[in-house]
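Peer 1: Spelled out from the first residue to the last, the chains are:
Protein chains: 2
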Amino acid sequence: MSSTLNPALDLEIVRVLRAPRALVWKAWSDPDHLKQWWCPKPWTTEVRAFDFRTGGAFHTFMRGPDGGESDNPGVFLEVTPMSRIVTTSSLGAGWRPQESWLPMTAFITMEDEGGSTRYTARVLHRDEASRKRHEEMGFYEGWGTCMSQLEAYAAAL
Amino acid sequence: MSSTLNPALDLEIVRVLRAPRALVWKAWSDPDHLKQWWCPKPWTTEVRAFDFRTGGAFHTFMRGPDGGESDNPGVFLEVTPMSRIVTTSSLGAGWRPQESWLPMTAFITMEDEGGSTRYTARVLHRDEASRKRHEEMGFYEGWGTCMSQLEAYAAAL
Numbered sequence: 001m002s003s004t005l006n007p008a009l010d011l012e013i014v015r016v017l018r019a020p021r022a023l024v025w026k027a028w029s030d031p032d033h034l035k036q037w038w039c040p041k042p043w044t045t046e047v048r049a050f051d052f053r054t055g056g057a058f059h060t061f062m063r064g065p066d067g068g069e070s071d072n073p074g075v076f077l078e079v080t081p082m083s084r085i086v087t088t089s090s091l092g093a094g095w096r097p098q099e100s101w102l103p104m105t106a107f108i109t110m111e112d113e114g115g116s117t118r119y120t121a122r123v124l125h126r127d128e129a130s131r132k133r134h135e136e137m138g139f140y141e142g143w144g145t146c147m148s149q150l151e152a153y154a155a156a157l
Numbered sequence: 001m002s003s004t005l006n007p008a009l010d011l012e013i014v015r016v017l018r019a020p021r022a023l024v025w026k027a028w029s030d031p032d033h034l035k036q037w038w039c040p041k042p043w044t045t046e047v048r049a050f051d052f053r054t055g056g057a058f059h060t061f062m063r064g065p066d067g068g069e070s071d072n073p074g075v076f077l078e079v080t081p082m083s084r085i086v087t088t089s090s091l092g093a094g095w096r097p098q099e100s101w102l103p104m105t106a107f108i109t110m111e112d113e114g115g116s117t118r119y120t121a122r123v124l125h126r127d128e129a130s131r132k133r134h135e136e137m138g139f140y141e142g143w144g145t146c147m148s149q150l151e152a153y154a155a156a157l
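Top line first, the protein sequences correspond to chains A and B.
Quick note: the first sequence uses UniProt numbering, first residue 1, plus one each step.
Quick note: the second sequence uses UniProt numbering, first residue 1, plus one each step.
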């Protein structure tokens, strides 16, 4: 399933990560790897569910040094090896509807770029207010930091 | 993607339809057929979107003889020919999150039963209140009537 960017509703970051696509995929596809780069440090990630297939649960729980917490249950809508991962917070395991504090669907795509990886994170929201709130929460800085962490982690695998 | 029934949250009807599976599938897979049996008559269905593939829009709009209306945009999560159709009202076209007056995910499965079709409609809700509301709206009667209409329509194709 491909998607089309709607600038009024969506947020996107495209970066070329200096790591081979096979290693970027590896860093994504194992929860023990994923938790190492998933959220901006010094926040930490606990992976509570990682059933890496279409309809499988994906649940991360993040903790900050000041006691802050962020609970993010969701589901995989698509897992295409080495190429595309789609997740949403609007459904839970087995595609059951659920309420989310931040309803979104994220399309992650990976393409070869020489020996590096063109990595795209496109996030779809249900309305302009949700997009605005996500941007104001620090979407670009937060997801950008995670991409840098992913790049460094994958390159060292 | 299979699902497991949770009696506290889900609603299900299983019926053997006296029509071959190929015709039941045919009655589902074309909007000109679908609109003939989709909602309990004398209500009528307008199919506003029917992009019959994973991630494709599925939008029905129903009208009653007394001026009542029911607007149901959603998306296909899975389309496996002759076997399984999954839709949700919690996402729209391209898997974009959306609010729904009735958040649900429906799993439709079709299996051979002699020359007939074992037809299962399993509907997942996000909480007990949603399930209860859906049942009180007349889930069993409404979906049951549609299944009878589907059976008669498919058998005559």
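It should be emphasised that the hints constitute simulated quantities derived from the structure, not laboratory data.
The C-beta atom is built at its ideal place from N, Cα and C for all residues, glycine as well.
Accuracy of the hints is not assured; some may be wrong.
To be verified - Cβ-to-Cβ under 8 Å is the rule here; a few derived chain B residues that face chain A:
hint : residue
1    : Ser3
2    : Pro7
3    : Ser90
4    : Leu91
5    : Trp95
6    : Arg96
7    : Glu99
8    : Thr105
9    : Arg118
10   : Thr120
11   : Ala121
12   : Leu124
13   : His125
Peer 1: Any hints from earlier that this structure breaks? Give me their numbers in increasing order, please.
Peer 2: Hints 2, 9, 10, 11 contradicted; others consistent.
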